[in-house]
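**Q** Just so you know, the sequences run in chain order G and U.
Here the first sequence stands for residues 1 to 589, numbered as in my numbering.
Here the second sequence stands for residues 1 to 342, numbered as in my numbering.
Do not take every clue at face value.
[Said to hold, decoys possible] Mimicking PhoX-like on lysine-lysine, the simulated pairs with C-alpha atoms at most 25 Å apart in a straight line are:
no., chain 1, residue 1, chain 2, residue 2
1, G, 231, G, 254
2, U, 140, G, 130
3, U, 253, G, 16
4, U, 253, G, 173
[Claimed, not checked] Taking beta-carbon pairs under 7 Å as the criterion, some of the chain G residues facing chain U (in silico):
no., residue
5, 53
6, 55
7, 95
8, 97
9, 99
10, 117
11, 119
12, 132
13, 134
[Said to hold, decoys possible] Just a sample of chain U residues kept apart from chain G, beta carbon distances all over 12 Å, derived:
no., residue
14, 41
15, 62
16, 142
17, 236
18, 250
19, 258
20, 260
21, 273
If you're looking for bench data, these hints aren't it; they were derived computationally from the structure.
Glycine included, every Cβ here is placed at the ideal spot set by N, Cα and C.
Residues per chain are reported as follows:
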Amino acid sequence: MTTLLEVEALTIGFGKADPVVHDVSFSVEQGQTMALVGESGSGKTLTCRSVLRILPEAAQVRNGSVTFFGEKGPINLIEASEKRLRGIRGDRISMIFQEPMRSLSPLHRLGDQVSEVLHLHRNMGRSEAKRLVLEQFEKVGFVDPERSWRSYPFEMSGGMRQRAMIAMAMVAKPELLIADEPTTALDVTTQAQVLGLINRLQKETGMAVILVTHDLGVVANMAEHVVVMNKGRVMEAGRAADVLSAPAHGYTAKLFAAAPLIPEVAKPARALPHDDLILDLTNVTKTFTMRAGGWRKPVEVIACRDVNLKLQRGKTLAVVGESGSGKTTCARVALGSEKPDPGGEVLFRSEPDVPPVRVHNMTPGQRRKFQREAQMVFQDPYSSLSPRMRVISAMTEPMEIHQIGSKAERRDKAAEMLRWVGLDPDMLRRYPHAFSGGQRQRLSIARALTLDPKLLICDEPTSALDVSVQDQILTLLEDIRERAGLSYLFISHDLAVVARIADEVAVMRAGVIVEQAPPDTLFYNPQHPYTKALIAAQPEPDISRPIDLELVSKGAGAPTTWPEMFRFNGGEAPALRELEPGHMVRCHA
Amino acid sequence: MMFLRYAVYRFFTMLLTLWVVSILVFIIINLPPGDFLSNQIAELRATGQAAGVAKAEFLRTEYALDRPLWEQYLIWVGFVPGPNGFAGLLQGDFGWSFEFDRPVGEIVGDALWLTVLVNLAAVLFVYVVALPLGVLAAAKSETWIDYTAGFVGYLGLATPNFLLALILFYYGNKYFDLPIGGLMDPSLEGEPMSFEKVKSILLHLIVPTFVIGTSGAAAMMQRLRANMLDELSKPYVETARAKGMAPSRMLAKYPLRVAFNPFVADIGNLLPAMVSGSVLVSVVLGLQTIGPSLLTALKSQDQFLAAFILMFVALLTLIGTMVSDLLLVLLDPRIRYGSRDG
């Protein structure tokens with residue numbers, strides 16, 4: 001083994017402040033995959049960017065060296081001239097980024113953007129470059145490379161864009177690929193496929209990979225070496241097999257404990273009784289008409305179709321699906337902010353024995369009452385709190401709107417709710433920017449609780465958070481559910497998160513529920529190919545249980561490619577059938 | 001094909017808008033009580049000039065001012081025949097200016113083209129100045145280049161146009177022998193186009209273009225700088241850097257291309273702002289554009305002249321927005337194909 005990249009005593013800081021990357025050293029061998037693991041703020045991204053020296057302008061490398069032992073001899077990348085470095089970027093060392101949606105220019109065709117690498121570094125003619133790019137497109141799995149060449153990024157899905165990014169990074173056959181959270185923004189089945197692709201390409205070309213990630217499951221599937229970082233320092237480093245089987249450092253162990261898992265289940269769960277429903281969606285279909293100016297024909301899009309969801313009082317019903325599966329539309333319909341198409345019904349019973357409110361058709365008075373009783377927790381804690389409002393105003397505003405209590409009473413309630421979510425009432429005078437992501441999500445939960453709701457709709461409440469924080473928020477949500485007698489409608493794309501909190505799970509794909517059961521039943525006996533794919537795609541932090549790519553690709557494809565029993569014929573989905581009590585699957589009889 | 005369909009669609013919506021504008025213009029002009037002729041008749045009666053009254057009365061019937069307002073409108077546009085058959089805007093008859101006692105077409109004639117010329121020159125000036133300065137200020141943000149460009153820009157925004165005009169005339173004449181006032185040498189007025197005339201017009205254009213364009217250029221530069229800065233922090237810029245592109249080439253190919261959209265979209269806003277903004281400047285600089293005529297017409301309720309000029313400005317605006325819309329469709333594939341992200 002020969003060393004390809006050697007990072008020594010790297011220290012990076014902003015201005016006069018303490019360094020944010022402190023004395024970091026590691027090395028990457030030729031042809032090896034090294035994972036740089038850490039949570040947000042650990043300095044992993046700055047570290048990997050310093051290799052190509054594409055750091056934010058204010059960041060300074062204060063100490064240390066990054067030496068690249070490429071074909072053309074060793075070079076210190078920290079001190080190399082800008083011109084020399086440009087020759088290395090994209091050619092010998094290339095990089096892919098976290099957000100495939102935004103990392104490609106929206107106004108240039110893919111072919112143009114990818115072949116540019118060859119024009120920059122290879123001095124190549126047009127047709128020759130095009131031939132190579134088309135070849136690369138084929139390698140990353142584009143069915144029609146010629147068409148992809150002409151496409152704009154916005155015409156493609158997130159997974160396809162990330163494949164295009166990979167093609168761009170690979171087309172010059174680099175010796176080192178730096179992948180900065182390449183799959184964090186993708187759905188779990190897409191993630192599995194993209195990881196599989198990187199793995200395959202690495203084997204074919206023999207390049208080395210630095211994989212930056214927060215997900216130990218991804219590490220287990222990809223890496224031979226691991227460097228765990230926290231607060232700018234290396235906590236632990238070593239062979240992936242060793243670190244993952246016996247983490248030596250407390251921080252690594254903590255990351256392990258927090259990683260959500262799909263449990264091994266010994267037996268299916270009993271069917272959940274549906275005798276006291278707080279929320280009942282019947283035959284909900286939602287069609288959106290998209291109009292794009294008078295010169296295009298309006299397009300009808302069916303966001304969700306024939307959705308039936310029953311939420312038992314005091315329980316948690318989870319709706320799981322990838323982006324575009326219709327899960328958020330279901331939540332909006334349940335909340336009364338979107339009207340279902342005629343024929344659909346949404347009933348809400350605030351108490352077991354009162355007549356239900358018809359959420360799809362409320363009087364203004366009913367709506368006011370319903371809005372108190374059904375509250376929402378949003379995905380992004382950074383944008384769901386106004387940066388210009390003190391915590392106290394954000395917390396008491398809902399009560400002001402509903403004219404509850406006196407000013408002092410509202411204040412007391414706000415303070416009490418802060419204590420419930422584990423924050424100090426002294427924080428009431430502060431502004432949201434003084435809080436971390438996890439604390440902000442606690443604030444949003446506390447705010448939702450100030451109106452004493454009966455139903456909480458959580459829309460991906462932990463997706464924007466670090467794993468360790470996600471763990472805490474889930475625990476908090478569980479506590480509060482017991483304490484306040486709440487019922488949850490929980491929207492998520494992550495089966496492992498749901499495994500923990502839900503009493504019943506509905507898996508959605510292409511606007512319909514494809515399988516529905518209590519989580520234990522679902523994990524013990526998954527029937528639908530898409531559910532199986534979701535379970536298989538979940539990366540486990542266990543090196544002996546790699547992702548089964550075949551299972552993933554079988555279920556994650558278009559509904560018209562599923563095995564015959566589950567296949568959609570044209571636009572028509574088969575009916576949802578009860579397989580065993582409490583276990584529904586969408587299949588032909 | 002798609003583009004052609006859109007262009008046709010856009011053209012028809014423009015005509016529709018123009019029609020609505022014509023109604024509004026007509027109503028607004030007729031809002032103040034009385035009209036030019038009734039004012040004149042009252043004045044003539046008071047001074048006992050019977051002959052003048054007869055002529056004014058004749059003009060009243062001739063231009064159908066004695067009919068109900070809606071009928072006047074239809075005749076003015078040329079939808080229905082007036083006392084002399086169809087003679088409205090649609091037929092190319094712009095009406096009579098009572099103030100100047102001549103047909104409107106004759107009065108505005110040359111001024112129309114000079115207006116278009118002055119304003120196009122100003123718009124061109126705005127873009128030529130704002131584009132490099134805005135890009136440079138963004139690329140070198142928070143350096144002396146950025147600060148200087150910003151300072152000069154704000155100076156341009158803050159200086160009153162007429163003051164700028166006077167200063168430029170004085171120094172332009174003193175050091176570069178530039179002509180003062182007007183749009184051509186007085187001896188060439190009314191002459192047919194010749195090389196001499198074109199040269200004279202171009203020389204006379206320098207100062208007005210600068211005066212009318214400065215504030216627009218300053219505002220545009222700041223906007224382009226802000227857009228560029230937004231774009232520079234986007235991940236695709238980082239992707240381009242990671243590819244190994246040189247900064248200048250990267251800047252021109254990626255962020256500028258995106259930041260260009262609002263730049264193009266502004267053509268539509270720029271034109272009317274320039275035309276109305278240049279009215280006063282034209283009066284101060286003695287330019288033979290329609291600006292001064294509009295001012296007189298509005299003061300004396302010379303309704304056909306005022307209405308025609310307003311319609312002309314509206315047409316310029318609408319053409320400006322149409323051009324920028326069409327350019328945007330050509331420039332931005334997201335608009336062309338319709339984003340599937342919803």
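**Q** Does the structure break any of the earlier hints, and which numbers would those be?
**A** Violated hints (numbers, rising): 2, 3, 5, 6, 11, 12, 13, 16, 17, 18, 19, 20; every other hint is consistent with the structure.
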